[in-house]
Amino acid sequence: MKLFSDLISAIEITNKTNAKIEALVNYFKIAPNKDKLWLIALFTGKRPSRPVKTTLMRQWCMELTQLPEWLFLESYSTVGDLGETMALLLPEPHHNLDLSLHEWMTELKALKPKTEDEKKTFVLEAWSGLDQQERLIFNKLIGGSFRIGVSKKTLVNALAKLTNIDANQLMHSIIGNWDVDSIAFEELINGSHINYDNSKPYPFCLAYALEKELPELGEPKDWIVEQKWDGIRGQIVKRNNEIYIWSRGEELVTKQFPELVEAMSNFKDDFVIDGEILAMKDNDVLLFNDLQKRLNRKNVTKKLLEDVPVGFKAYDILEYNGNDIREVPFAQRRERLESIFNSVALPNHIKLSFIVDFTKWEELHAIRDNSRTINSEGLMLKQKKSPYHTGRKKGDWWKWKVDPLTIDAVMIYAQKGSGRRSSKYTDYTFAVKKDDALVTVAKAYSGLTDKEITEISQWVNKNAIEKFGPVRTVKPELVFEIAFEGIALSNRHKSGVALRFPRISRWRKDKPVEEIDTIETVKQLITAP
Amino acid sequence: MSTEKNLIKFTKKGIYCPQGNFYLDPWYPVDFAIISHGHADHARWGMKHYLCTDDSKAILQHRLGVDINIESLPYNKAISVNGVKVSFHPAGHVIGSAQIRLEYKGYVVVFTGDYKTQPDFITKPFESIKCNTFITESTFGLPIYHWKKEATLQQDLHHWVKTNQSNNRTSVFLGYSLGKAQRLMSLLEGCDAIYVHRAIHNLNQAISGSGIQLPETQLWSVDLDKKTLQNKIIIAPPAILGSRMLKRVPNPATAICSGWMQIRGNRRWQAVDAGFAVSDHADWNGLIDAVKASEAEQVYVTHGSQAVFSKYLNEIGIKANELITEYGDEALAKAEIKENKVDV
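Chains as they are written, first to last, in my numbering: chain A, 1 to 529; chain B, 1 to 344.
These are computed hints drawn from the structure, not numbers from a lab. Check the hints yourself; a few may be wrong.
Said to hold, decoys possible - Below 30 Å or equal to it, Euclidean Cα-Cα: the simulated DSBU-like pairs (lysine-lysine) are:
1. K462(A) / K319(B)
2. K162(B) / K2(A)
3. K462(A) / K292(B)
4. K281(A) / K302(A)
5. K319(B) / K467(A)
6. K148(B) / K16(A)
7. K462(A) / K9(B)
8. K16(A) / K162(B)
9. K12(B) / K462(A)
10. K467(A) / K148(B)
11. K16(A) / K227(B)
12. K12(B) / K467(A)
13. K12(B) / K509(A)
14. K462(A) / K311(B)
15. K467(A) / K9(B)
16. K148(B) / K120(A)
17. K247(B) / K451(A)
18. K149(B) / K2(A)
19. K13(B) / K467(A)
20. K475(A) / K9(B)
21. K13(B) / K475(A)
22. K162(B) / K161(A)
23. K212(A) / K360(A)
24. K462(A) / K13(B)
25. K226(B) / K16(A)
Stated by the list, open to error - From the structure, some residues in chain B lie toward chain A, with a derived Cβ separation under 7 Å:
26. L142
27. P143
28. I144
29. I263
30. R264
31. G265
32. N266
33. R268
34. W269
35. A271
36. A307
37. V308
Said to hold, decoys possible - Pulled from the structure, derived: some chain B residues nowhere near chain A, Cβ distances all over 12 Å:
38. T11
39. Y50
40. P215
Cβ coordinates follow ideal geometry from the N, Cα and C atoms, glycine included.
All chains, please: the whole structure from these sequences, using the hints.
Structure follows, in structure tokens:
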């Protein structure tokens, strides 16, 4: 496992994607083929189910180390990762096990049906034969995520660099149906198990944020304006009765959205369309927070499909019955899209993105300001003549987002993050005033610099009220400006309001806690769009 | 019990000995301060009179000014201060570091300052002393902290330098000027030529001037030719991360050296190429061994994981209490670097 262990060390220390890719390429050059297959399986969610329960591993670790449970938990909350905590707590190894990655995985697969005693013997034997870093990896191989910032895309880019095969084809290959035991590495990357001609996507056309006054764009009649929906951009590829859904991150996400695949089979024609994947219920677009519940799930359960139904709003068409029509002007592509959508009866969750009706630029201000009420992020302005560009080009497409709402709130709880952030207090809970007390309004994780997080962590260490456990109640003293995209009344929240996509916009060191918002002033934002 | 109460008191200015009328590592100016070691959170400005070890004297003068009123003692030699017997005993933390032992009418208090029980190649190894009251630090007071042996660390560091050299990279080690820098010098001696930052260089000169032998190093100065540094070893304070000075190093590979590097999240927090758990503090077993060896009937736990460590000691039958001090202040440690921010 030395090779794999070195790879993980090399990847986890760097935050540069290129360095991660470099390390992966080096690994692929020297690792045995079976190990390479396992590596791809592990980083694409194709791992076997967990053979040993976490609770048992914890219990065995406490037995071995003779530590009381509270101390084990205290260690865990400092490290922020269970597999790593156990690796650090366990005593020094007294022998040396040297198995390759695929040998470990084969053993772990065989372990699943065994008795608890047999499992215990196996795990203890492994723990006493591996050094600290290898033990960590062993614990991770049993279950859990490496959290080292290797996405499918990173993996695919490394494979593309190694083999010169098109990255999107590789993405299809590794996502496709394959099994470590019945495919060779060469077969996998050459895509012998897939038909890439049917899935091949186009690069997305992206827009810049509007940087001029509307009249400078020219005549309103030369432009088509749509809502900018806040979901995930998706490309639906339908060819030869096969349907594929690509995300903007160039990941194949077909399996995550069965209701879209099903609905698309209503169409007779073949096409590639661009649009937005959104959480939708009864014609209404839901919050991005809702959609998040559907993302990166290994299994999409029936309950999840019912709780968060997903829909699609189509923006554009790039290919029609085998012809690439990206150079055709947008206005004509849009007509083609409309005729396809009008040719068949479609379920409610598959829609064209509607076009905003306007004749003068001034009218758009009010429409944009109203976006929030329909859970849209603002407007998209597209030149009627524009082709479907490759990537981001200035001039033809502009996004014109609504400004975020902001409030000033005080931090009341801090919690350590995970992965790279596990050593610092990075997750905060914020409150505003309610009469003489404070009431929680938002949790936020992002928006601060590493330097600010370090400073806040030191402050939390000094000002925490609890001494044990992962959450620290702090003196309500640090004031932050919280930005968010929308606000709604909510019965589920103690404060009575739910903020949409809250994040920290800045640390208000200049502001005393007496001057934070009250729940009344926060609620006033609901009516003011 | 009553004797102990007479011997030390915990005051706003620091740990005080009323009988002897002196303070141990006080954090506010006092008349008479007995100092465990030269780090800025223990040896502060503004004391009317300082007492420290012979090996610390030059360090304190270098950091606090040559004009301070200071006297020093060799290790293990006792003097009487207003009837209290005071002596210094090696703490194994940094050059010159000591535990401070106080004895009055047969009652003994030991204040560890900062300490490390595992021996290294450069500091006088920790000696355990029996006492009635033991005041211990707890920087790494969690069972996740276990340090590698010095020889293993040495292998790891040399291996990293060699790997960097085969990739045509210059190895830059980051650690505080007092303690970590000299420790790294001793670990890397003989591997290749070592260049040190001016802050470390000046401190080294002060230490060597008092007769302590240090591994051979050269000053890393701005006017050095890039080629001279290529593939060599540089030791510098952490504050140079992201500085222009670091940009002048040909193809640098940076490593932070600190006990906190034991945890992956900490290694990954800063954009460096490696993190080595090289610590000048005791690890979990070191702390427990030191407490047990002291055979003290009362333990006070200062800076670090004081809540956890004292709770655990009580559970294993050792009477322990937390003690809130102003040691272990990271901001102060940083201030120490700023003071030395020459050339950064």
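Hint-by-hint comparison with the structure:
1. K462(A) / K319(B): Within the cut-off at roughly 25 Å; holds.
2. K162(B) / K2(A): 19 Å, holds
3. K462(A) / K292(B): Holds - the C-alpha atoms of K292(B) and K462(A) are around 29 Å apart, at most 30 Å.
4. K281(A) / K302(A): 16 Å, holds
5. K319(B) / K467(A): 19 Å, holds
6. K148(B) / K16(A): 29 Å, holds
7. K462(A) / K9(B): 23 Å, holds
8. K16(A) / K162(B): 23 Å, holds
9. K12(B) / K462(A): Within the cut-off at roughly 17 Å; holds.
10. K467(A) / K148(B): 29 Å, holds
11. K16(A) / K227(B): Answer holds: K16(A) to K227(B) is near 27 Å, not above 30 Å.
12. K12(B) / K467(A): 22 Å, holds
13. K12(B) / K509(A): 28 Å, holds
14. K462(A) / K311(B): 19 Å, holds
15. K467(A) / K9(B): Status holds; Cα separation ~24 Å.
16. K148(B) / K120(A): 28 Å, holds
17. K247(B) / K451(A): Roughly 20 Å separates the two Cα atoms, so the pair holds.
18. K149(B) / K2(A): 21 Å, holds
19. K13(B) / K467(A): 24 Å, holds
20. K475(A) / K9(B): 29 Å, holds
21. K13(B) / K475(A): Holds. K13(B) to K475(A) sits at ~24 Å (cutoff 30 Å).
22. K162(B) / K161(A): It holds: about 27 Å lies between the C-alpha atoms, which stays within 30 Å.
23. K212(A) / K360(A): 16 Å, holds
24. K462(A) / K13(B): 18 Å, holds
25. K226(B) / K16(A): 25 Å, holds
26. L142: 5 Å, holds
27. P143: Check passed: Cβ of P143(B) comes within 6 Å of chain A, closer than 7 Å.
28. I144: 4 Å, holds
29. I263: Holds, because the Cβ-Cβ distance from I263(B) to chain A comes to roughly 6 Å (cut-off 7 Å).
30. R264: 6 Å, holds
31. G265: 3 Å, holds
32. N266: Cβ of N266(B) sits 4 Å from chain A, so the hint holds.
33. R268: 4 Å, holds
34. W269: 6 Å, holds
35. A271: 6 Å, holds
36. A307: For A307(B), the interface hint holds, since the closest Cβ of chain A sits about 4 Å away, which is under 7 Å.
37. V308: 5 Å, holds
38. T11: 20 Å, holds
39. Y50: Correct as stated: the minimum Cβ-Cβ distance to chain A is 28 Å, above 12 Å.
40. P215: 27 Å, holds
Hint check: no violations occur; every hint is consistent with the structure.
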